[in-house]
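Protein chains: 4
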Amino acid sequence: MPELLTSTAKEFALAELPHWTLSENGNAIERTFTFRSFARAFGFMASAAILAEKMNHHPTWTNTYNKVDVLLTTHDAGGLTELDFKLARKLDRLCEA
Amino acid sequence: MPELLTSTAKEFALAELPHWTLSENGNAIERTFTFRSFARAFGFMASAAILAEKMNHHPTWTNTYNKVDVLLTTHDAGGLTELDFKLARKLDRLCEA
Amino acid sequence: MPELLTSTAKEFALAELPHWTLSENGNAIERTFTFRSFARAFGFMASAAILAEKMNHHPTWTNTYNKVDVLLTTHDAGGLTELDFKLARKLDRLCEA
Amino acid sequence: MPELLTSTAKEFALAELPHWTLSENGNAIERTFTFRSFARAFGFMASAAILAEKMNHHPTWTNTYNKVDVLLTTHDAGGLTELDFKLARKLDRLCEA
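Chains as they are written, first to last, in my numbering: chain A, 2 to 98; chain B, 2 to 98; chain C, 2 to 98; chain D, 2 to 98.
One or more of the hints may lead you astray.
Which copy? The list can't say, so a pair holds if one copy fits it or any two copies do.
[Unchecked claim] For lysine-lysine, the following DSSO-like pairs were computed, each having C-alpha atoms within a straight-line distance of at most 30 Å:
hint: 1; residue 1: K91; residue 2: K11
hint: 2; residue 1: K55; residue 2: K68
hint: 3; residue 1: K55; residue 2: K91
hint: 4; residue 1: K11; residue 2: K87
Honestly, the hints are just simulated from the structure, not real lab data.
Since the structure is predicted, the reported quantities are computational estimates derived from the model, not experimental observations.
Next comes chain A alone, as it looks inside the complex:
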């Protein structure tokens, strides 16, 4: 099982992910992705779903029209691990050109 990150490690990892914020309890990271249309939002989700399953690490995500709110945490570990930051970086990259 992946190890829980220390507060310092979380801060360090978040510093490189300007679009993500720590949840109130410090156990998850969150980002809202906004797209030009529902079709584009769902295309992003389809790509992301494939990457998530491959990592065997799944988001909790909410979609309304052109917005996708993503929350990442490692349930088995009870908080944030390197897996969450790895998936966050992959999702960010999907939205770059």
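Following the hints, complete the assembly by docking chains B, C and D onto the known chain A.
Okay, now just chains B, C and D, sitting in the frame of chain A:
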């Protein structure tokens, strides 16, 4: 714009949708769909996304692994309209054999 | 039903779509989309599927890993109509930044 | 790399997959999946795409409206391996209730 349904009309429509419940404020209906795997949950979402866009009526939905929580409301009308029940019936049908 | 386009109209429409070519028999247009990964190719397909169903005009498309070969024709009309070029433009736009 | 299957092994594996046929050159297996709608066909593809990427084994597949023609082969090995039959069984299972 579709008309808001009366309380009686909502009750009548919900009686035919045993898996759905009225939200606390009465302005939305909700159902949790549970699947055997993340892959099946996302396949359902892909079919549902296509139907939703075709109706130009989109859910607010949250996915975590094999579960999909769907909330339907008609934002423009400020509550429940026939569109919500129409989409609910389409989503139910996707899960039948 | 949409009208078949004349040869002149096809040439005119294709001139604005540099990535698309006319099929040998002149009844379809074709483009291969290439992506950085399977996940991105499938994300494109998910967005495109939503747009296609909304137009009620569906591609014949083949995917292998990071490539998607799209063929557009209007079956009901027996050849190319404005619908094909409209969908082609929408698919092109999905791949822009 | 997975090993190429012998003719006997292929016949044995195909005997358990009544919906699949050997391609003419014996290097691939093929099945056409037919659905009630485009939305359902694409939902199947979304589930299948997730499973395929997880196996790191991808189909060559063609979709037209409610039909999906799937061809499976192991490119690296130059023919059929156990991976193809494993994915075929997974795809069949997606279509069961």
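Against the structure, the hints:
1. K91 to K11: within (17 Å within a copy, 38 Å between copies)
2. K55 to K68: Classified as both: same-chain Cα gap 23 Å, cross-chain 18 Å, threshold 30 Å.
3. K55 to K91: both (12 Å within a copy, 16 Å between copies)
4. K11 to K87: within (12 Å within a copy, 40 Å between copies)
Every hint from the earlier list agrees with this structure, and none is contradicted.
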